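Residue numbering for the sequence shown is 1 to 284, as defined by this note's numbering.
Hint data in this document are derived by calculation from the structure and do not stem from the laboratory.
There could be a bad hint or two in this list.
[To be verified] Estimated spans, in silico, between C-beta atoms of each pair:
1. 94 with 205: 26 to 32 Å
2. 108 with 26: 29 to 35 Å
3. 20 with 178: 39 to 45 Å
4. 49 with 127: 41 to 47 Å
5. 26 with 49: 20 to 26 Å
6. 91 with 265: 54 to 60 Å
Being a predicted model, the structure only gives us computed values, none of them experimental.
Ideal placement from N, C-alpha and C gives every residue a C-beta, glycine not left out.
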Amino acid sequence: MDKWEADDARRRHMASFGRRDTAPELALRRELHRRGRRFFVDRRVSSHCRVRPDLVFPRARIAVFVDGCFWHYCEEHAHLPKANAELWRRKLLANRQRDAQNQAILVMEGWRVLRFWEHERPEDAAACVEHALDQWSAIARTALSFSGSMERMIEVVAGVLTQPDGRVLACRRAPGRQAAGQWEFPGGKVEPGEPAAEALRRELHEELGLNVVVGEPIDRSITSVGNVDIDLATYRVAWTADGPTSSTDHDELRWVLPVELGSLGWAKPDLPTVKILTSAAATA
Numbered sequence: 001m002d003k004w005e006a007d008d009a010r011r012r013h014m015a016s017f018g019r020r021d022t023a024p025e026l027a028l029r030r031e032l033h034r035r036g037r038r039f040f041v042d043r044r045v046s047s048h049c050r051v052r053p054d055l056v057f058p059r060a061r062i063a064v065f066v067d068g069c070f071w072h073y074c075e076e077h078a079h080l081p082k083a084n085a086e087l088w089r090r091k092l093l094a095n096r097q098r099d100a101q102n103q104a105i106l107v108m109e110g111w112r113v114l115r116f117w118e119h120e121r122p123e124d125a126a127a128c129v130e131h132a133l134d135q136w137s138a139i140a141r142t143a144l145s146f147s148g149s150m151e152r153m154i155e156v157v158a159g160v161l162t163q164p165d166g167r168v169l170a171c172r173r174a175p176g177r178q179a180a181g182q183w184e185f186p187g188g189k190v191e192p193g194e195p196a197a198e199a200l201r202r203e204l205h206e207e208l209g210l211n212v213v214v215g216e217p218i219d220r221s222i223t224s225v226g227n228v229d230i231d232l233a234t235y236r237v238a239w240t241a242d243g244p245t246s247s248t249d250h251d252e253l254r255w256v257l258p259v260e261l262g263s264l265g266w267a268k269p270d271l272p273t274v275k276i277l278t279s280a281a282a283t284a
């Protein structure tokens with residue numbers, strides 16, 4: 001049986017690597033956040049392989065990997081340990097082969113896979129991701145404009161505001177408004193070309209008078225309402241100063257415990273986020 005050994009320095013170096021939230025990955029996430037992009041992190045996207053891309057853009061079907069130079073055997077920077085160098089070489093080549101196999105599966109399933117080495121500048125990687133997203137947006141707009149039979153798509157963002165005691169803000173649509181009497185998370189439509197985070201900050205300022213910081217995404221789903229598809233993305237939101245007391249679009253604001261969210265009559269597009277919040281509270 002092959003015996004694996006490594007010197008103390010190499011062992012400490014390898015132990016410093018985690019499966020997720022590595023420094024290069026965090027740097028890319030920060031740069032994309034700075035550019036107004038939102039995404040899911042460490043999410044399994046295929047039932048045919050166990051790989052979990054570091055960043056996932058579900059709607060655009062873009063999967064992003066930030067590969068460590070050692071474990072994924074970067075030809076420029078990977079240095080084999082002196083102990084058992086040949087065993088390490090075979091192991092790391094097997095990692096490369098597995099990367100290629102997983103990538104082939106994702107591509108066959110319609111994903112666009114972007115891979116970056118940890119030594120690449122996060123600004124360059126983010127620019128590449130943005131270019132891929134812009135390409136997807138252009139294709140989607142073209143397909144929509146040439147298909148008269150397609151239903152109209154409306155992109156919407158909403159914020160989940162949470163008190164220290166865990167209560168979540170629910171807002172009831174005012175009389176005379178579309179979906180009057182139904183409950184929803186505050187937010188609104190994304191303007192053409194507007195980043196989602198910027199749209200959410202704008203909407204919550206106009207609607208609730210709040211200055212907010214947009215946090216991690218919670219859910220993104222498309223719901224058919226009549227002849228319209230609502231593409232709703234929800235995010236956790238922190239706010240400065242006092243909480244909201246009134247809304248331009250709602251006749252009641254209510255702070256509700258997550259386990260009690262299901263007792264309200266929610267608008268259909270908000271139901272997936274309600275389910276996520278109630279399930280998380282039930283298992284906490």
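These are the hints, each one checked on the structure:
no. : hint                    : result
1   : 94 with 205: 26 to 32 Å : violated, 52 Å
2   : 108 with 26: 29 to 35 Å : holds, 30 Å
3   : 20 with 178: 39 to 45 Å : holds, 40 Å
4   : 49 with 127: 41 to 47 Å : violated, 28 Å
5   : 26 with 49: 20 to 26 Å  : holds, 25 Å
6   : 91 with 265: 54 to 60 Å : holds, 56 Å
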